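Residue numbers (the working numbering), protein chains in the order written: chain F, 1 to 352; chain A, 353 to 704; chain P, 705 to 1056; chain S, 1057 to 1408.
Source of the hints: derived by calculation from the structure; they are not laboratory data.
Note that this is a predicted model, so its numbers are computed, not measured.
When the alpha-carbon atoms are kept at most 27 angstroms apart in a straight line, the in silico DSS-like pairs for lysine-lysine are as follows:
id	chain 1	residue 1	chain 2	residue 2
1	S	K1340	P	K981
2	S	K1333	P	K981
3	P	K988	S	K1333
4	A	K636	F	K277
5	F	K277	A	K629
6	F	K284	A	K629
7	F	K284	A	K636
8	S	K1340	P	K988
Protein chains: 4
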Amino acid sequence: MADINRVLRLDANHRLWLEEQPIPVPDAGEVLIRVRANGICGSDLHFFARGTLGPYVVTEPYTPGHEACGEIVALGAGVTGRRVGEAVAIEPGIPCRRCRYCKMGRYNQCPDVRFLSVPGIDGTLRDYVTVPADFAHPMPPGMSWEQGACIEPVAVAVHAINRARLALGATVAVLGVGPIGLLTVQAALAAGAGQVLALDRQEMRLALARELGATPVHIAREEPVQAVRALTGGEGADVTLETAGHSSATMLAPEITATAGVIVQVGWPEIERVPYKIETILAKELDLRGVNRYANAFPPALSLVGRGAIRVQPIITHRFALEDAPAAFAFAHAHPDQVIKVIVLNEKPPAG
Amino acid sequence: MADINRVLRLDANHRLWLEEQPIPVPDAGEVLIRVRANGICGSDLHFFARGTLGPYVVTEPYTPGHEACGEIVALGAGVTGRRVGEAVAIEPGIPCRRCRYCKMGRYNQCPDVRFLSVPGIDGTLRDYVTVPADFAHPMPPGMSWEQGACIEPVAVAVHAINRARLALGATVAVLGVGPIGLLTVQAALAAGAGQVLALDRQEMRLALARELGATPVHIAREEPVQAVRALTGGEGADVTLETAGHSSATMLAPEITATAGVIVQVGWPEIERVPYKIETILAKELDLRGVNRYANAFPPALSLVGRGAIRVQPIITHRFALEDAPAAFAFAHAHPDQVIKVIVLNEKPPAG
Amino acid sequence: MADINRVLRLDANHRLWLEEQPIPVPDAGEVLIRVRANGICGSDLHFFARGTLGPYVVTEPYTPGHEACGEIVALGAGVTGRRVGEAVAIEPGIPCRRCRYCKMGRYNQCPDVRFLSVPGIDGTLRDYVTVPADFAHPMPPGMSWEQGACIEPVAVAVHAINRARLALGATVAVLGVGPIGLLTVQAALAAGAGQVLALDRQEMRLALARELGATPVHIAREEPVQAVRALTGGEGADVTLETAGHSSATMLAPEITATAGVIVQVGWPEIERVPYKIETILAKELDLRGVNRYANAFPPALSLVGRGAIRVQPIITHRFALEDAPAAFAFAHAHPDQVIKVIVLNEKPPAG
Amino acid sequence: MADINRVLRLDANHRLWLEEQPIPVPDAGEVLIRVRANGICGSDLHFFARGTLGPYVVTEPYTPGHEACGEIVALGAGVTGRRVGEAVAIEPGIPCRRCRYCKMGRYNQCPDVRFLSVPGIDGTLRDYVTVPADFAHPMPPGMSWEQGACIEPVAVAVHAINRARLALGATVAVLGVGPIGLLTVQAALAAGAGQVLALDRQEMRLALARELGATPVHIAREEPVQAVRALTGGEGADVTLETAGHSSATMLAPEITATAGVIVQVGWPEIERVPYKIETILAKELDLRGVNRYANAFPPALSLVGRGAIRVQPIITHRFALEDAPAAFAFAHAHPDQVIKVIVLNEKPPAG
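Sequences and hints are given; from them, build the entire structure.
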């Protein structure tokens, strides 16, 4: 066990640096984890580039990162069901366990949830972190650290598909195939979709979506409503998942969805009020369901990645060592068209 | 059995008149019904006043009316399970029975549904009408013709509550308490709501909502988000039903709804694109569910009105005879603030 | 605040006595409650009479009682959202909050749940008790202590109806109308049942069921399958709730249930293996759903009793003071045909 | 188009023979299908060997077969959405379209359903058959006749998984891996199961289950409750599907199912009353759901077989020509341990 704890810090002036901190001691019910890998999320990049996201603002230095996995190195008092040496994926939103949302099984809606890496709450881009034992989820045998670092975004996709209550054989459309969209394509297929359409305007992403089992629709080249209609026998998609995070996609969703269908809204549009055709929701009797992170989604995410039903390797485009994390952020910010997912490994990856 | 069939007609010039037509003969699987009462729907009034509604336009004369009940006077070939003399409420949307929506139990979404009183398809404001036997639903003993004529709007409220999948004890908000809103208030209470808030700006309607069990919120006098919050321990409504049919209510719905809550959209906003806070849907992980008429809702509507769990008498404000139907339309159009539900009785109501 | 804490004790020799114990001190997150009333449950009586129930055996003396309410008299560290002086109903099953069942919203299935009054875990028949603050549920204004003591069995009925996912207008049959059955009849009506049939063989219970809105079926006088068929137009009940706790009722349930219907099993049959017609489950494509206590059911139970949709007063047949609790147990055990629910009040009830 | 219509006949004396009948003419709404392949179902064999099954008895000669596909060769009046030359799988249960079950989307529960091949209603083991156009489901491009003949049993598996409402990542146990069990294993994996356990006592079947993705449990060599526990971290299966059709499997199901889990009963036990541990249903709060054929399951079955998510080729063990259908029945009846699925092709299969 290394005896230093390198911790990435980000401040309001867009500066990123590593500093050393004491290795934390697990409280009762917690485990101490030696972190092995992190994915960099779009939200981490957003705080880096703009210092703000929705209601959150970077004021004091804090630690980014919430897509992490590692190895348990110590158990706090009273912990059962976990053991030292176990590889775990870290679920980063710790709820109060006592409010009505926690008790009804929607703990991601807990008003007092502590989400690691939200400014003010330190994240996982460091060598050691403590979390409640039940938020450290055992990785199946043979899963790599890189894969483990992708479980958090897979959990977003799994939760979106859970919210969709996808029927076997359903026709699915995914709007936007960045990292979350590409995982959502796979989660839809893993859940028994009959056909998955992937809509985007970037060639690389569409090619990847096709490789992962989707039928690509290039929305800069084809009128999307007509294209979806043509591919679905005139019906539209039974389930549409909006993962693009743009108002144009949000507005498109009801139009490409079949009567009696479901829209799952995952992406946050860039504007507060979206000119939305509520009458399409009425005429087709659609369901629109919002998604905000996930609950109870890590175990299925681990299971599906473990048995190969969802593959994360194809979405990993770049790797950096923790000591180069500032460069990783700068690179990802500078090359949005090349980057899908950047992984930061705590140990320097082997050359070649 | 009367030997004439008086039929109300409406043309594109806003003219209404009664004419005589032959009594129709029921086809195989149909019943012939002697109509006893109709309610006048807002959509009937809209076609009368403006000649158009959504995609529909009055071009040729047709017969309005789709909130009707009556007595079976003849059975077509092969009809079982119905008998001459039976009092029935008429479900006015006849589906194809063969498409995927019909077969999945959402036959109101059938693309080939024939909805009586949509321009081009004659409605029920007449003395005799034929419908498929299974769309003539037996009225429970003791139910009056007036009550029977209200089953159709009750079915809208029942379907809205079915779409809400209301949990026992849920806090419900109803936006707009016209006829549908007042029935929805009652359907929510009948379904086990813990508390129902009624939001409107008309005194008469709010008074009636209170009488029917709701807590009124006068939105011209109170800021509605604050008012709902104060009445719900800060949580908001678990389920919000928008029955006002105005974009301001549509936009208000997510703001007064609790985290993890449900919005059922019943009313059609007056504008095509509503500036909608999708981010509230995301942040609170809400469900928005559209409603377009109903399916499988007549039997429960009849049952709940029959046992007094939903009372329609308080929403009936005016009565006319069929021969005075043109005057009924003119009155209802001229006095929107006095009228909640106008009933047209085929036989002249007794004086006094 | 009284300075003594009288505590009822039961031992393996069927002896019941009151003893004095120190007033407990609330831990962090807990509240101290001055108990005001308890209902006596059938399980309490069972342990009194037989010393055993299912896997549980009375070995050491312990305190019965888990249908309780009272007044908060002190708050442990960190408690928010509760205040001294508040009247609360006590939810008696305290889960671990960390296992998969707790996190999926089915915390009653927590393998480490601590259920007050199970032998080895002291119950609520005493003057003071501590519970986690979130398991002390505020009673609505105007609710009496007697009513508060009935919230726990109401929660059983509410959970059973939640498990049934009752549709508006559904026809419901309740097998056995003891305390839980009578509350289930009301919960079904409160949830929008169209008709509720109550099946039993005791006149008093059937009369009470009728008074509470059910259609009684005396199963010693009528063949129940025929009787239910006759009352439901030949269909059977859409939902059957078995609350009798006898194998004959368990076996009857599928036979009186309509095709595509639901059976909710609440009562525990007296034999381990019930000769069950699985082929009826298959032929009619029924759902059979087990019930084991409740989760998230106290708030709706309080709300529905608070607004009068479920009335508990009619099921309370006898009242005793805490100092007479041993006599209360003896009386209830000796007079099963007269007793529906016995309430034990911590303060002597006023004479008359 | 061949000008003869060979039709297989079965009588009460276990005799099977081919006879010629006129080619039927499609009624309005129907299509005429030239049949290309049939699977032989266990129920066909049962009627052949015993002349009876459940309530059905062979009295007059009739035509077996209900797992069929073919080519549309003529359209009845008014048929749209189908075309001559189209390859279709035949859904063999034709409902009334008017009863409450038809209208709620559970048309397999229609009391007047006409199921082809039930004694008295001729089945599909012949050259030409007519069915309603909407019960002739288009086969995706490239699907073989053999595959098309397996869509009916796939629909059973799809319906069973639909009834299970399988969550992503769920642990599934399938009891009995005959034809339906092997398809159910695949449907569970296609629906996102994390792990599927297959329990049986036949080596060949277990080997096939393993090849199709399941973890085999040989119940003659391992104590099944312990084995399932060991493979599921002590939890049991989230969903258990009973496809063995034996009371021992029916009784085992609750014991191997996890707390809060679901049992889907597909197989019919050989005895009327199964000694069933209802108390396990209660203690674990299980759901037991019956399955009786399928509704709305052909389109997803076609879609999943079409994209390779369910493979039927591995379960086809034997092939015969229609002229040898009597021999096919005799063979399948005589060799239950070698046969999984026998296909009868209307045209003689190419040699080799």
